[in-house]
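> From first to last, the protein sequence lines are chains A and B. Under full-length UniProt numbering, residues 1 to 548 are what the first sequence spells out, in order. Under full-length UniProt numbering, residues 1 to 548 are what the second sequence spells out, in order.
No wet-lab data here; the hints were simulated from the structure. Built from N, CA and C at the ideal position, the CB exists for glycine as well. Take every hint as true, because none was put in to throw you off.
Dumping the calculated DSS-like pairs for lysine-lysine here, alpha-carbon to alpha-carbon at most 30 Å:
#1 K352/A <-> K275/B
#2 K352/B <-> K275/A
#3 K537/A <-> K269/A
#4 K20/B <-> K20/A
Partial list, computed: chain B residues near chain A (C-beta under 7 Å):
#5 V7
#6 S218
#7 R220
Covered stretches of chain A, going by a simulated chain B footprint (3 or more residues, C-beta under 8 Å):
#8 12-19
#9 341-354
2 protein chains.
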Amino acid sequence: MQHNLIVSTPSAYSYPLLVKQLLIHSLSLYGDQEISYRGEMRYTYRDFRRRVGQLASTLATLGATHGSTVAVMDWDSHRYLECYFGVPMMGATLFTVNVRLSPQQILYTLNDAAADIVLVHPDFVPVLDQIRDELTCNPRFVLLADGQAAPQTDLPLAGEYEALLADASPDFDFPEFDENTKAATFYTTGTTGDPKGVCYSHRDIVLHTLTTATSLCSPRDGQRMHREDVYMPITPMFHVLAWGMPYVAVMLGLRTVLPGRYAPDMLLKLREQEKVTFSHCVPTILQMLLQSSQDGTQDLSGWKIIIGGSALPPALCEAALARGIDIFAGYGMSETGPIASLAQLPPRVTPKDRADEVRMRCSTGRPVVMVDFRIVSEDMQDLPRDGASRGEIVLRAPYLTQSYFKKPAASEELWAGGYLHTQDVAVMGQDGFVQIVDRIKDVIKTGGEWVSSIEVENLITEVPGVQECAVIGVPDAKWGERPMAFVVRKPGADVGAESIREKLLSHVDTQRISKYAVPEAERIAFVAEIPKTSVGKINKKQLREQAA
Amino acid sequence: MQHNLIVSTPSAYSYPLLVKQLLIHSLSLYGDQEISYRGEMRYTYRDFRRRVGQLASTLATLGATHGSTVAVMDWDSHRYLECYFGVPMMGATLFTVNVRLSPQQILYTLNDAAADIVLVHPDFVPVLDQIRDELTCNPRFVLLADGQAAPQTDLPLAGEYEALLADASPDFDFPEFDENTKAATFYTTGTTGDPKGVCYSHRDIVLHTLTTATSLCSPRDGQRMHREDVYMPITPMFHVLAWGMPYVAVMLGLRTVLPGRYAPDMLLKLREQEKVTFSHCVPTILQMLLQSSQDGTQDLSGWKIIIGGSALPPALCEAALARGIDIFAGYGMSETGPIASLAQLPPRVTPKDRADEVRMRCSTGRPVVMVDFRIVSEDMQDLPRDGASRGEIVLRAPYLTQSYFKKPAASEELWAGGYLHTQDVAVMGQDGFVQIVDRIKDVIKTGGEWVSSIEVENLITEVPGVQECAVIGVPDAKWGERPMAFVVRKPGADVGAESIREKLLSHVDTQRISKYAVPEAERIAFVAEIPKTSVGKINKKQLREQAA
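Chain A on its own, in the form it takes in the complex (with noise of 0.2 Å):
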């Protein structure tokens, strides 16, 4: 039905939501507004925007036009900001190369976007020289430099950053057109088989900036964001657009710190010297903020962290609610832009004690404004809210990925039914919690019952003395399969299977678990580490084939 349509007066302007259009309000209020890298250099908003035209300026004259793909391979970099809106304002698409894949898939990724450009920081220069005869799309290469000695290269370099920039015009003039234009694109590499680009447009973008901005900053006081915060991502930019969390903080007019590359004692610094109150970050970083602060010299209370990328483990969250931080977690995926859900507490509900917060703030959270996020059974069915009815999370919202780039087998599967499959495994509870319990392909069947791999890795990593713990199922001839646990000790720690074994017995005796999830002893592997994936979560592919 496309009748009753608004009709537009000729010289009406339709407000297309564009990436540059998030630049408006900061850059009217707030221009003096400070943006920071690594305590080494300060601009203002305003230098900020001028750079973006010179950026644009740059990009043009080596050849960049509506459509061309240009490629980052950075730490967190003001020059990243930079092209999070400089390259899309253009109409080029940004590439947010994912600088932990392998060289070989650098380079499938580079070659499936076809990258017109590539920044690249000189850190990463050696991967490109081991890689280059196989590049099948023939990129500009930019150098992206601190100010150090430039790398001993073969790769024809166009000129480094700030040189080109210098030489550029502030005064680019940023063009309308179609918000369904490509902002930018990453791959994901969650699955088996070549890594898949997802694409973002300009709308996708701005509606994920909106949404997210109204769910931040509307609770009445914990865990939310506002215009008095000084923002300092870390995670990756080239992840998912950091969350997307940088355009909030841009469209907010926050006071911005970029940490380069991520170096515990430097991020602690850094929210030391400027005062960082919002930051988002996976576990192990967490992880290691917490280590390397121990000493107790500094006061991390008024830090308000969003914990994504994997499950945040009880205990963790435990130590960063002891350290004073106000800790958070929030579900979503490359493929949902990221942020489908946070585990904000709810408006006036007092936890019943420190173990209920925990386990609100640990959950995969609410789901945010303007998401359908449903559980649904197999048949599509909704799941009853009652904390124990499992089945997948899948979600519709104004900024998902609608395909895989070139992948359309996978594309239409992601959408079965015209809803996202997220290949989770949640329950919800009355109260809205979502708490994920597994991957699809992660549970675990042994003698015809399922297992959550998640379940039982939670509570072993209970047991005094584990640090972390990760669970998969191995072939069994007699169940099917058996979970099979690989565990790290806390340095020092010597503890072993029989007092993992007897702590997981106890909760099959307050049922809380089945007695087909405690693993045997002998399944009980202690390792060194757990590998992950570049983007750091648990590698269970590696350690499927590690336990075969």
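Start from chain A and add chain B according to the hints.
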């Protein structure tokens, strides 16, 4: 340039921005939240959603379909709120009839909008009886009653709202359609000539809701909304969708109180009983509320109120602050959705003194997110932000009306040069605070000097004994125009023309106004009241007729 667009896989959900999606979050998390009406009736969001379904079923039975126009003539009721959602959600257009217009103007708007169904409160049945024979659109009529006896009428009533809903199914299948579908229409009467219809699309409403929520929720503490607020509109729901605020409140899941017909005692009683914390109204209503509560039995602290419709006089702001109200102005108009700016204190700013604070709170405000808010010269050049350079406010925002209904010439004039022309003359300070100094057609030109009628009004209002004042330009043989003031004295006050002139001349001494701005004694008229338009603005057209 239409290339480089996002490609959707066939099964993907494209998520048009529709009014129905503003309910997803609240129904998922706040289904038990309460909506109440005059303290007499209360139900949950879940009940609300069921009744919205029943309303759509009822309207469909009465012939409403995609593109139908459903007019509402009611006070602020839960039934009106049901119409805010149910009518647009079924693809019909909600026409909020301005019940304060004259019967002939109401007739004009009903005919112009071609109403298919009219939902009418008994109080407005007499008006319909009076104009019924001249209606060209032959609508069906539904009575919206609170259980009172049906009025004597010849209208062919199709039934009474509650009885019809009781028989209707809540399971209406709200369809998907283009986000640019008309959702609501309203007639603006600010200027000369017939009322002009403005339309809001579903997309307009959703984007206004998200940007307003972001702007209202993001301050650290003052002048903000949060999830634990209790909301009561005191701007008529017919008027620019009550400034779009009911959509914000419902999207965030706030407890919502509908006050019915406004009576100061009832509003104050509801505020106290229901613990209302967030409202919005015009200055006249605020003044009535303060007067009614002056016996001091009611504590008004903890109440946040946005003032709009006309300027917030500093004296009234002072009085509200003294009673504990967190009061601040907002700015917009029917054509702008409406909110374009809010007079929130900026981040990290502490007012110098109370006068400075009052100046900020009474100002036109600072632009909200996503709004391109310019003050321009006649040739559309940006004027300096010096607090002195006067120009017209022109706007772009993602929710501005795209045209007047069936008024192509006026529509083109509105959007001349691709910006919406507000006809408001303003200055902007370095701090981003805008101050309207006049309406383009209200500026007085005397002896070649421009005089701001608003500035003179504000200064006269400061004179002890003056309750209210309006200033217009009247023709003068020698000077071209001269200012003329209409003054309402406070009860019992005996302020005269000379003391007003004396006070104004003291402002000439301090160079706050020019000597040309001071009216002659014979051009200061004391009157019993200032005529107002139906939306509470000073009716300068009528004053000019009175003066002539």
